Structure formats: C-alpha cells, structure tokens
Amino acid sequence: MRQKIILRVISKFLIPYILLFALYVQWHGDFGPGGGFQAGVIFAAGFILYAIIFGVATAREVLSATTTRVLLVIGVLLYSGVGVAGILLGGNYLDYNVLADTPIGGQHVGIILVEFGVGITVAASVITIFCTFAGRRPEEHEEEYGEN
Amino acid sequence: MVIAAIAIARIHDLFAVVMLTGIFSLLGAAAYVVMDAVDVAFTEAAVGAGASTVLMLGTLALTTSKERPAPAKNVISALIVVVFTGVVLIYGTLDMPIYGDPMAPIHHHVADHYLGKSSAEVGLPNVVTSVLASYRSYDTLGETFVIFTAAAGVLAILGQSRLPRRHHDQEDSEKGMVSSPEKSKGAST
Numbered sequence: 000m001r002q003k004i005i006l007r008v009i010s011k012f013l014i015p016y017i018l019l020f021a022l023y024v025q026w027h028g029d030f031g032p033g034g035g036f037q038a039g040v041i042f043a044a045g046f047i048l049y050a051i052i053f054g055v056a057t058a059r060e061v062l063s064a065t066t067t068r069v070l071l072v073i074g075v076l077l078y079s080g081v082g083v084a085g086i087l088l089g090g091n092y093l094d095y096n097v098l099a100d101t102p103i104g105g106q107h108v109g110i111i112l113v114e115f116g117v118g119i120t121v122a123a124s125v126i127t128i129f130c131t132f133a134g135r136r137p138e139e140h141e142e143e144y145g146e147n
Numbered sequence: 000m001v002i003a004a005i006a007i008a009r010i011h012d013l014f015a016v017v018m019l020t021g022i023f024s025l026l027g028a029a030a031y032v033v034m035d036a037v038d039v040a041f042t043e044a045a046v047g048a049g050a051s052t053v054l055m056l057g058t059l060a061l062t063t064s065k066e067r068p069a070p071a072k073n074v075i076s077a078l079i080v081v082v083f084t085g086v087v088l089i090y091g092t093l094d095m096p097i098y099g100d101p102m103a104p105i106h107h108h109v110a111d112h113y114l115g116k117s118s119a120e121v122g123l124p125n126v127v128t129s130v131l132a133s134y135r136s137y138d139t140l141g142e143t144f145v146i147f148t149a150a151a152g153v154l155a156i157l158g159q160s161r162l163p164r165r166h167h168d169q170e171d172s173e174k175g176m177v178s179s180p181e182k183s184k185g186a187s188t
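Line by line, the protein sequences are chains A and B.
Under numbering that gives the first Met the number 0, the first sequence has 72 at position 73, and the numbering climbs by one with no breaks.
Under numbering that gives the first Met the number 0, the second sequence has 87 at position 88, and the numbering climbs by one with no breaks.
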C-alpha cells in the first residue's frame with residue numbers, strides 16, 4: 000500500500016486533523032459530547048491509519064512497543080493516582096472536591112486528569128492490540144491489504 | 000439495521016461481513032443520535048465502526064477471508080431456542096414504560112439529583128461527563144482497568160510471537176525431544 004500515492008497523500012493530509020480532533024474531544028469533553036474514551040479511540044484510529052498506509056514497522060518508529068506499554072500503565076496509574084491524591088488531601092478515594100481550593104475547581108481538575116488517564120490508556124491499548132495483531136506476519140499482511 | 004443483520008448472517012465472504020458490521024455500527028450510532036444520546040453515538044461510531052472493524056480486518060489478514068461452511072445440524076432445536084428466547088425477551092419488554100415516559104422509574108432514582116445538582120456540585124455543562132467522571136468515578140475506573148486488562152491479555156497471548164520464530168525453535172530443540180516440531184509450532188502461533 001506504500002506505493003499508492005493518492006492514499007499516501009490524502010492520509011498524510013488527514014492524520015494531523017484526526018489527531019487534533021482527538022485532542023479537541025479529549026479536552027473539550029467537559030463542555031460538549033466526548034471524553035477520554037472517545038478521544039483515545041480517535042487518536043488510535045489516526046495512528047492505525049498511518050500504520051496501515053505506511054506499514055506497522057514505520058509506525059512503530061514513531062511510537063515504539065515499549066512506549067505504548069508504558070503509556071498503557073501511565074493512564075491507569077494517573078486515574079488511580081488522582082484517587083490516592085484525594086485520600087492524601089483528606090478526602091475519600093476519587094473525591095475530587097479536595098483537589099483545589101473550591102469544590103468546583105477540584106471537580107474540574109479531577110475530571111480533566113481522570114479523563115486524560117482514560118484517554119491515554121484507551122489509545123495505548125487500541126494501538127497495542129492493533130500492532131500485535133498486524134505485526135505478526137508483516138509480509139503477508141501487507142499483501143492482503145494491497146489486494147483490497 | 001435489520002437488512003445489514005440478515006446480510007451478515009447470510010454472506011460467506013468474511014470481508015463483506017466485516018464491512019457490514021461496520022455499517023451496522025454506524026447505523027446504530029445514527030439511531031443513538033436520533034435518541035439524543037450524542038456521547039453514546041460518538042463512542043459507537045469510533046469504537047464499533049472504526050476500531051473494531053480495523054481489528055477484524057487485521058484478524059482476517061492473519062487468517063482467511065472465507066467462511067468454512069458448517070454442516071447444518073439440529074436446525075429445528077436451534078429454531079425453537081431462538082423463538083423461545085425472542086418470546087421471553089418480548090414478554091419482558093411488555094412491562095417496560097413507554098420510551099421517553101417522564102414518569103419511568105429510571106428517571107427518578109438518581110437522575111433527578113444528577114440533572115438538578117450537577118451544575119452546582121460539579122460545574123460542568125455536560126452532565127454525561129460529570130456523571131461518568133465524577134459521580135460514577137469508580138465505574139469508569141473499573142472500565143479503564145478492563146481496557147488495560149484487555150491489552151495486557153492480548154500482549155500476553157500474542158505479544159510473544161514478536162520474537163523471531165527461530166529463537167523459539169532453537170529453544171525447543173535445545174530442550175530435547177520432549178516437544179515435537181508440531182507441538183512447538185502450535186505453542187508459538
């Protein structure tokens with residue numbers, strides 16, 4: 000699929016906007032539809048598009064297997080860390096009210112951090128799952144996609 | 000959606016089936032938009048139509064895109080089970096309140112509190128986000144762990160094969176005659 004110039008140019012044009020849209024969904028999820036889960040999937044979709052067009056090996060140069068595994072853990076740790084921070088600051092587990100001076104400010108900080116954790120984990124998991132599937136027999140894989 | 004579902008059941012070309020499941024999810028997302036559940040529609044479109052379709056395509060690339068025709072056995076008992084389950088499900092829906100009924104019990108358990116107080120307690124315009132991330136934070140934490148576990152499981156089962164295949168074979172042959180070549184092949188695939 001690396002030879003198909005239309006796909007290559009169009010996807011190169013689209014991928015930045017897909018990633019940008021994912022970030023918008025991530026940080027604007029408090030005010031409009033969306034949130035960490037959707038943002039993570041959209042981000043991963045942009046990355047997977049890149050991997051399909053340019054090959055999994057090329058995509059792995061951008062985000063290595065180790066990086067995605069570390070991100071996978073960071074997301075979960077961020078979420079649970081927010082909960083622990085609530086305990087340390089004198090509240091219950093996952094109680095955001097104590098995270099900032101005012102309860103509403105605390106809720107804001109907590110929700111943004113938690114959603115970011117969800118987003119990181121979801122993006123990293125989808126990328127990891129795709130790459131483990133697609134990276135198994137690369138030569139055959141590319142041929143199959145090339146036919147379609 | 001019904002047409003897509005019937006087509007999925009009838010068609011033997013798995014590539015077409017994967018495409019149809021994507022279309023099915025997209026139609027589902029459109030239905031959610033009609034019901035004003037934009038957040039759910041968003042998720043359905045991104046996950047159902049996007050990510051899972053790609054994952055299924057990846058699986059097709061690893062396996063084959065033709066369905067192996069299964070010999071038809073026990074058609075009548077299967078039909079009885081399906082009809083029975085369908086009748087029970089439809090019987091179950093008879094008790095449910097009409098869609099959009101404002102007096103339905105589900106709208107008066109905690110929903111009143113969430114809708115009325117969330118702007119004062121959480122301060123976000125999107126109530127869905129404040130329910131998901133604040134009131135139901137434990138549930139969302141659990142979901143995140145589920146996704147994490149899914150990825151960890153895939154890595155545990157398939158991640159091994161990233162190592163060069165020869166390495167495995169050498170290891171196996173070094174261990175001796177315990178594992179036959181077929182066995183080691185089965186273990187590494």
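Calculated from the structure, these hints are not laboratory results.
Mixed in with the good hints there might be a few duds.
Label-pair restraints from in silico Cβ distances [claimed, not checked]:
1) Val82(B) <-> Gly31(A): 41 to 47 Å
2) Val83(A) <-> Gly91(B): 39 to 45 Å
3) Val108(A) <-> Met34(B): 52 to 58 Å
4) Asp94(B) <-> Leu18(A): 20 to 26 Å
5) Gly90(A) <-> Val82(B): 51 to 57 Å
6) Val82(B) <-> Phe30(A): 46 to 52 Å
What you are looking at is a predicted structure, and each value in this text was computed from that prediction instead of being measured.
Ideal Cβ positions, reconstructed from N, Cα and C, are used throughout, including at glycine.
Hints and how they fare:
no.: 1; hint: Val82(B) <-> Gly31(A): 41 to 47 Å; result: holds, 44 Å
no.: 2; hint: Val83(A) <-> Gly91(B): 39 to 45 Å; result: holds, 42 Å
no.: 3; hint: Val108(A) <-> Met34(B): 52 to 58 Å; result: violated, 32 Å
no.: 4; hint: Asp94(B) <-> Leu18(A): 20 to 26 Å; result: violated, 47 Å
no.: 5; hint: Gly90(A) <-> Val82(B): 51 to 57 Å; result: holds, 53 Å
no.: 6; hint: Val82(B) <-> Phe30(A): 46 to 52 Å; result: holds, 48 Å
Of the numbered hints given earlier, the model fails hints 3, 4; all others are met.
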